[in-house]
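There are 8 protein chains.
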Amino acid sequence: MDQNELRTLLGAFKNGSLGEDEMLERLRHLPFEDVGDAMVDHHRSLRQGFPEVIFGAGKSAGQIERIMVALAARGNAILVTRIDEAKAQAVKEAFPAACYHADARCLTLEPRPIDKRGRGTVLVISAGTSDLPVAAEALVTLRMLGNDAEHLYDVGVAGIHRLLARRETLFTASVLIVVAGMEGALPSVVGGLVDRPVIAVPTSVGYGASFGGIAALLGMLNSCAAGVTVVNIDNGFGAAVAASKINRE
Amino acid sequence: MDQNELRTLLGAFKNGSLGEDEMLERLRHLPFEDVGDAMVDHHRSLRQGFPEVIFGAGKSAGQIERIMVALAARGNAILVTRIDEAKAQAVKEAFPAACYHADARCLTLEPRPIDKRGRGTVLVISAGTSDLPVAAEALVTLRMLGNDAEHLYDVGVAGIHRLLARRETLFTASVLIVVAGMEGALPSVVGGLVDRPVIAVPTSVGYGASFGGIAALLGMLNSCAAGVTVVNIDNGFGAAVAASKINRE
Amino acid sequence: MDQNELRTLLGAFKNGSLGEDEMLERLRHLPFEDVGDAMVDHHRSLRQGFPEVIFGAGKSAGQIERIMVALAARGNAILVTRIDEAKAQAVKEAFPAACYHADARCLTLEPRPIDKRGRGTVLVISAGTSDLPVAAEALVTLRMLGNDAEHLYDVGVAGIHRLLARRETLFTASVLIVVAGMEGALPSVVGGLVDRPVIAVPTSVGYGASFGGIAALLGMLNSCAAGVTVVNIDNGFGAAVAASKINRE
Amino acid sequence: MDQNELRTLLGAFKNGSLGEDEMLERLRHLPFEDVGDAMVDHHRSLRQGFPEVIFGAGKSAGQIERIMVALAARGNAILVTRIDEAKAQAVKEAFPAACYHADARCLTLEPRPIDKRGRGTVLVISAGTSDLPVAAEALVTLRMLGNDAEHLYDVGVAGIHRLLARRETLFTASVLIVVAGMEGALPSVVGGLVDRPVIAVPTSVGYGASFGGIAALLGMLNSCAAGVTVVNIDNGFGAAVAASKINRE
Amino acid sequence: MDQNELRTLLGAFKNGSLGEDEMLERLRHLPFEDVGDAMVDHHRSLRQGFPEVIFGAGKSAGQIERIMVALAARGNAILVTRIDEAKAQAVKEAFPAACYHADARCLTLEPRPIDKRGRGTVLVISAGTSDLPVAAEALVTLRMLGNDAEHLYDVGVAGIHRLLARRETLFTASVLIVVAGMEGALPSVVGGLVDRPVIAVPTSVGYGASFGGIAALLGMLNSCAAGVTVVNIDNGFGAAVAASKINRE
Amino acid sequence: MDQNELRTLLGAFKNGSLGEDEMLERLRHLPFEDVGDAMVDHHRSLRQGFPEVIFGAGKSAGQIERIMVALAARGNAILVTRIDEAKAQAVKEAFPAACYHADARCLTLEPRPIDKRGRGTVLVISAGTSDLPVAAEALVTLRMLGNDAEHLYDVGVAGIHRLLARRETLFTASVLIVVAGMEGALPSVVGGLVDRPVIAVPTSVGYGASFGGIAALLGMLNSCAAGVTVVNIDNGFGAAVAASKINRE
Amino acid sequence: MDQNELRTLLGAFKNGSLGEDEMLERLRHLPFEDVGDAMVDHHRSLRQGFPEVIFGAGKSAGQIERIMVALAARGNAILVTRIDEAKAQAVKEAFPAACYHADARCLTLEPRPIDKRGRGTVLVISAGTSDLPVAAEALVTLRMLGNDAEHLYDVGVAGIHRLLARRETLFTASVLIVVAGMEGALPSVVGGLVDRPVIAVPTSVGYGASFGGIAALLGMLNSCAAGVTVVNIDNGFGAAVAASKINRE
Amino acid sequence: MDQNELRTLLGAFKNGSLGEDEMLERLRHLPFEDVGDAMVDHHRSLRQGFPEVIFGAGKSAGQIERIMVALAARGNAILVTRIDEAKAQAVKEAFPAACYHADARCLTLEPRPIDKRGRGTVLVISAGTSDLPVAAEALVTLRMLGNDAEHLYDVGVAGIHRLLARRETLFTASVLIVVAGMEGALPSVVGGLVDRPVIAVPTSVGYGASFGGIAALLGMLNSCAAGVTVVNIDNGFGAAVAASKINRE
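Residue numbers (our numbering), protein chains in the order written: chain A, 188 to 436; chain B, 188 to 436; chain C, 188 to 436; chain D, 188 to 436; chain E, 188 to 436; chain F, 188 to 436; chain G, 188 to 436; chain H, 188 to 436.
For reference, chain A alone in the conformation it holds in the complex (with noise of 0.2 Å):
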């Protein structure tokens, strides 16, 4: 029920086609009923301009396609995560002006750029090459979500010279996402060394002992350096929404 629904009620009522005890029980049904717009309304204040985003894993190309056929009706930007080439390829021949992402196995469509926002740069930093797509896929994120966003990759805790020769770049960031999979203790080195806010991303790269990233996982969130958050293992798209949150002006 819109405004404008409500001041026809309204009329209704004050005119007298509609007695009081009609018009309690409308607007009993008020809570309920309405609850959901209400809602969306405040969301949607908020979430001006920013990116739709699907979760491309286990939905078809096609079923992709028809979300986005729905959302770019209404002009909004498009992230599809999760999802792999041969899907991605599909896709584009609806959307030729999309642009696929394969380190991060994401797909974006823009349809005017996207407004830069935040109060600084998020610095997405990774050690292995093998945590590259996750940490791609929150760089992807972070730059659809508006943010200024910096990539500090092959810096592992077994090499600690390689992260201090970097430490300016350490410095400077607003907030940092760290991307870590095997024993996880990247996290708590950075988190040791800045005092911005540090957000963890287990990955399950590894083997034998890792659990697909359990053991990253439980590193990260037992970090000795306070004020680490975690995040789900390989949710680089979680850690960057995070981060995000984190970086408005």
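Wrong hints could be hidden among the right ones.
Unchecked claim - The calculated lysine to any residue pairs, modelled on SDA-like cross-linking and capped at a C-alpha distance of 25 Å, are: (1) G:Lys246 - A:His338; (2) B:Lys246 - H:Ala289; (3) B:Lys246 - H:Lys201; (4) H:Lys246 - H:Met210; (5) C:Lys303 - C:Thr356; (6) F:Lys246 - G:Ala289; (7) H:Lys201 - F:Ala199; (8) E:Lys246 - D:Ala273; (9) H:Lys279 - H:Ala257; (10) C:Lys303 - C:Ala248; (11) C:Lys279 - F:Ser317; (12) F:Lys279 - G:Ser317; (13) H:Lys201 - F:Lys279.
What the hints assert, rightly or not - Just so you have them, the derived chain E footprint on chain H, three or more residues with Cβ under 8 Å: (14) 201-208; (15) 240-246; (16) 390-404.
Please keep in mind that the hints were generated in silico from the structure rather than gathered at the bench. C-beta: ideal position from N, C-alpha, C; glycine also.
Mind docking chains B, C, D, E, F, G and H on chain A? Use the hints.
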């Protein structure tokens, strides 16, 4: 090695009393020798006026007191976490000005009032009464770190109307810390309502298949509300440190 | 041993052609020999008109077909669960009247319309699109068991307003089956809103720390909404059977 | 906001002392402000005459007493679960009319007799003597919720004849709660015998690889008897609430 | 219903005082009513002279005493397992003839000497001193069940020569019970040396990654010596019952 | 070193061609050098006429064939387990007399009929159709080891009457192997009915919280029927070896 | 910044073209900027003549080739681990001198023979044939790192005589790597026989409750032979690197 | 059987008082009978002057004292690990010369000074104060085994500069033992800095998702620094034994 020593060294080199090879040898050790001080300085400037923190669990009252004596001599504000009432009373005999927060199991010592800082209010939300100690630890920590902090309690997902009834409080917070045990679903609901950073704290509340907080932890890591980040079970302190970093001006 | 045989036996005993010791020996075996039939009879009377169920996973199309031939000969309605499209097509060549429900991965054969029974409507609620197959399996099973069933979908805890907007549907259901993956929080919210039995079905949807549905399962077992019961991961069929028993007139 | 306030508001709008825009603004907040009361009302009507429940674990005798004073003032029947004998005795000094059920670790207070309701008898079945406290918690809860409840005990799968000897009792129950530790097989056997809803409660009874009830929990979730639903380990209270909802007339 | 009652029934039927339909009705209930007795009889003949067993853990001295009074009245030998010294002393006041085996945490009562039975000697092998209580429980149980039993102790896989030096003892045993904690490797070595049945008992001995016996349990389940079977952690009693069944003449 | 060599050595020592110190040096190595042969001899005498076993999983058809050629040259009977149909056909080209048991995934080669041995019949009991391959592996192994073996199938705990109807078969077996997946409750029920050794084999049948057989494994380890022993998940071969050792005359 | 640059800087300072403050500013950054080079230098001197290692898993043949081209240009010996035959063949087209070790799944390129180093022989011991690939990876790595290495295979704890028969080989090794799957007991037995460092490598060999090597890993961590250390599951490479460091002269 | 007995035997054979067959019979038992002594001798020569070790956990003061009396009679140095202060005081009454190391929970008895041995210094590194007991156990053990040992403490990955500032100490160690709880990342950083063997010891320090040291254990097993080996949680003793074997001259 501080700057004065380095100036003396440079002087000795310039006036010839120190040869180039000797100078190189001295400088060769610089990267390691001074790296510590350099970082400590860097850190110190960022932490001006912030409290020193003592993790009280596993330390005796005597140990805690000795550390506090050393810290208090430098004029630092002090926060002791995970300290039970008996130990706190023993410590208070040496520090009558210290304040014990029984609900938070924290002891604080403030030589002078903590300066307020931060962009807005950090809101701590908790569900059941058993989650209160963790929420209280977060609140004490937030205030010791200079933040405005508020507490919204007794709002659980099984009584969603109590949460919705407080929506104005939710919408005005700068950062939200959501503390929950059992199924740990509250951060998902809150994360779906607000657009600010949400930090989820699982608690060890529950029995049986709650496995000391694992159920809540997993629930939060798998939150369907994008952008929720998670800290270790019962880690109200860590959540507060992260929230404080996010809330910086 | 049926009643006729027993009468014959009693006759032989009464007319002396069977001695007391022999009669005792025959009766001594009765407890075990007949216990099966007794129970089968008991069961049969309860299951009159209900479909036979074949768990299709791990069975070949040929095996499924052979079982169906035997069952169909008795005029039974048949429900095959966990059967993929290829197998279903092969089976349909022998049973052209069978109907394949692709979303539910179920095949049904109804020699005559299923009789409606039950006190009210069973409502199946699901969150994300990935939960749909499990919800669909529950719906097909519910209908084959004679229940009125409805589906409320795309309602998740991170968009609580969509659920609240459908409260009338929630409040009129006789039993509710809530299907959810990831953090599995939806049954807690639903269980807090309604006062009817809620059966929670965790799904294997998710990645990383969802551990194939364990996160959702634990969340549901630890639900803070009293009276929520849980079935195995992805077990839409089992939830429907339980709901149908609850919904009996 | 109750109806009277709303009538006042409508009156003010009708007589013009409140403008349309102001009226709209007031109504815009309705969805959230009143959603709580609306639901509480909805709940209250369903819960008429039902007891209030206090989860006693982790609460002091003083805390329990304070909550009971508040509830008793409204004339509510009260059920305290997970309360040990010492706390119960302390509470009984303030509430001499309260009754402590030592086997169930429950305290009950009934200002007037609980009204009987429900379609039939709820049967609680337990195996070993160590399962008795959980079964007793279920029984006390069932009776406080107005159900006829019976107890069948000392029937385990390793002595199947004792269960079969009581088949009449099984067949006449309206709902069955089956409490078992160790391998948790009893609900499967019972679920294969009866056609009524079966709620399985794993208990933490056992040692070694029982892992505090996990073995029983997994056994019940994997029950080969379709339609068995499961609650958390040792959760006799939750099983009783679910059974009571199923047993409603 | 025992045979005498059945004979009376048959007599009544034969002499006509009981009609065929009434007789059928009475017999219809036989399967269930008598199944218990039938099995108990079957069991009893097998268990002639065998002790009754009381699992002492979680029972008070008073409860144990009451059960023993009932059993002793029938002249049964009695074995109480998992009973600590304090409880045992309390029970012994009522049963001065009972014998407490402190190392095995067992109490035994033998109204007359246990008859020897079994094809040979059951050998219990244990590694470290911490495994002794579990080995002792097995030994006491074996002897109460009428077996010749011997104990070979202090033989671990890290000192393989001590085991090899006792090979004659190994080779003459009829059945072997191997008790081991930590890595649980002893049953594999023993199973590779002998050709008789080997029952492995993991113990909860160890720390850290022994996880209360899980490491030993997994090691035994994965034994590369074919034919090793395993019982629950610390279950010396269960191993002895199994060995006794194997050792029957 | 065999006896002949030792006699030669002793002769050389006695006739003086080997000095005492040299003799001692040779004997010093005896403990290690000959321990292998000694044990092998010991084993061989016990294993006369028994088949050699090849674990086929992870070996190519070529590797299996090469091992079989070597074994067959010695006239051994051969059992290959875990071999799929394709590999078996390839091997059969070289060994046309070999027999492939498709249900058991085993290949057998018997140069002459296996001698019967054993005190009685080993009964293999299985529940669902998915447990059949594991049961079949046990049956083939039992027969290759010279045992009389029978199969009782399609008896599950949720249809207890089917098991009870076959009690004579249960009561006459010498050893019982019970194969079950899902909740793994069948061995408890069987172990409560018979007094002979029961070996439980958990299978990886199931989905969701069956965790590839862990639920069944835990259920069996926690069996309330004393004396049930357990082997690894899907290990029909190991159960048969254990049963065969128990069944020896 | 290398020494030449530093000399230039010092020269500029000495001759006055660089002021003291500027010089201090440049040196202030030294700790971080040069820490990397300093360590790299330190490392390089230790690693003279050692191969570069590429972890092949998850890299394409093209990626591996590109890295090899860069490394080979510097004259490095190269070891590629976890590379399957197909990728290896593709890489060999560009590097015909490379050698593929199929059993070890390793590719090696040695521009000149590896210098021998080390105090003695590193002995790799493995149990079953399925452990061979992990043992082979260790052997190839050991040899590429300049060690004498030998392999003792097909020695398992269930045939302890085969191990004892090879005691001389055991006693002469400088370091021992013990590779085992299933129950992982071999390192305990070996560690009890020798007094040299023993490194245990669990393998993912096994099924059911081996849980992909967890059983072996736990067994090794709980080894009753003091001084056994453990590496990750299947990590033959890591064990060889550790052994090589221990074996240094 | 020692050499003298064997010489007597050989003499009796040579002089004819023992026949060849009798001699063969005696020798036939040699492999097993003497295998123990042979190995013990082998071991003894390696362990000359090394202490005997008693694992104190789970033993009473009386038991420990009795073992010490026996060992001390042979003049052995003695190390008791995991012994608390109360037990140690009781033992010291019988052994006033014994020394209790409260931080290490160890008791040592050195009849004469331990001989120094080893190629260099073993460095024990620990992070937080809670890791100190495990580090101290390693240090006491190292010294009792004749090693030079040093301790570097309070260096954690979240304050990496403190570790780097001590690089000279790191670079001069012969073997390094790194003790860490929480995320267990320190061994990775250390292993990346030095080229000597690194043994990682996870500690049970932490809370919540540290799971009693599992997080640290997994982190260490997945270390990205090649060549790090790991021992059981809290196993400072085992790490020291391994380091001592590596450090041998």
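How the hints compare with the structure:
no.: 1; hint: G:Lys246 - A:His338; result: holds (21 Å)
no.: 2; hint: B:Lys246 - H:Ala289; result: holds (15 Å)
no.: 3; hint: B:Lys246 - H:Lys201; result: violated (74 Å)
no.: 4; hint: H:Lys246 - H:Met210; result: violated (45 Å)
no.: 5; hint: C:Lys303 - C:Thr356; result: holds (20 Å)
no.: 6; hint: F:Lys246 - G:Ala289; result: holds (15 Å)
no.: 7; hint: H:Lys201 - F:Ala199; result: holds (10 Å)
no.: 8; hint: E:Lys246 - D:Ala273; result: holds (20 Å)
no.: 9; hint: H:Lys279 - H:Ala257; result: holds (15 Å)
no.: 10; hint: C:Lys303 - C:Ala248; result: violated (30 Å)
no.: 11; hint: C:Lys279 - F:Ser317; result: holds (23 Å)
no.: 12; hint: F:Lys279 - G:Ser317; result: holds (23 Å)
no.: 13; hint: H:Lys201 - F:Lys279; result: violated (58 Å)
no.: 14; hint: 201-208; result: violated (count 0)
no.: 15; hint: 240-246; result: holds (count 3)
no.: 16; hint: 390-404; result: holds (count 5)
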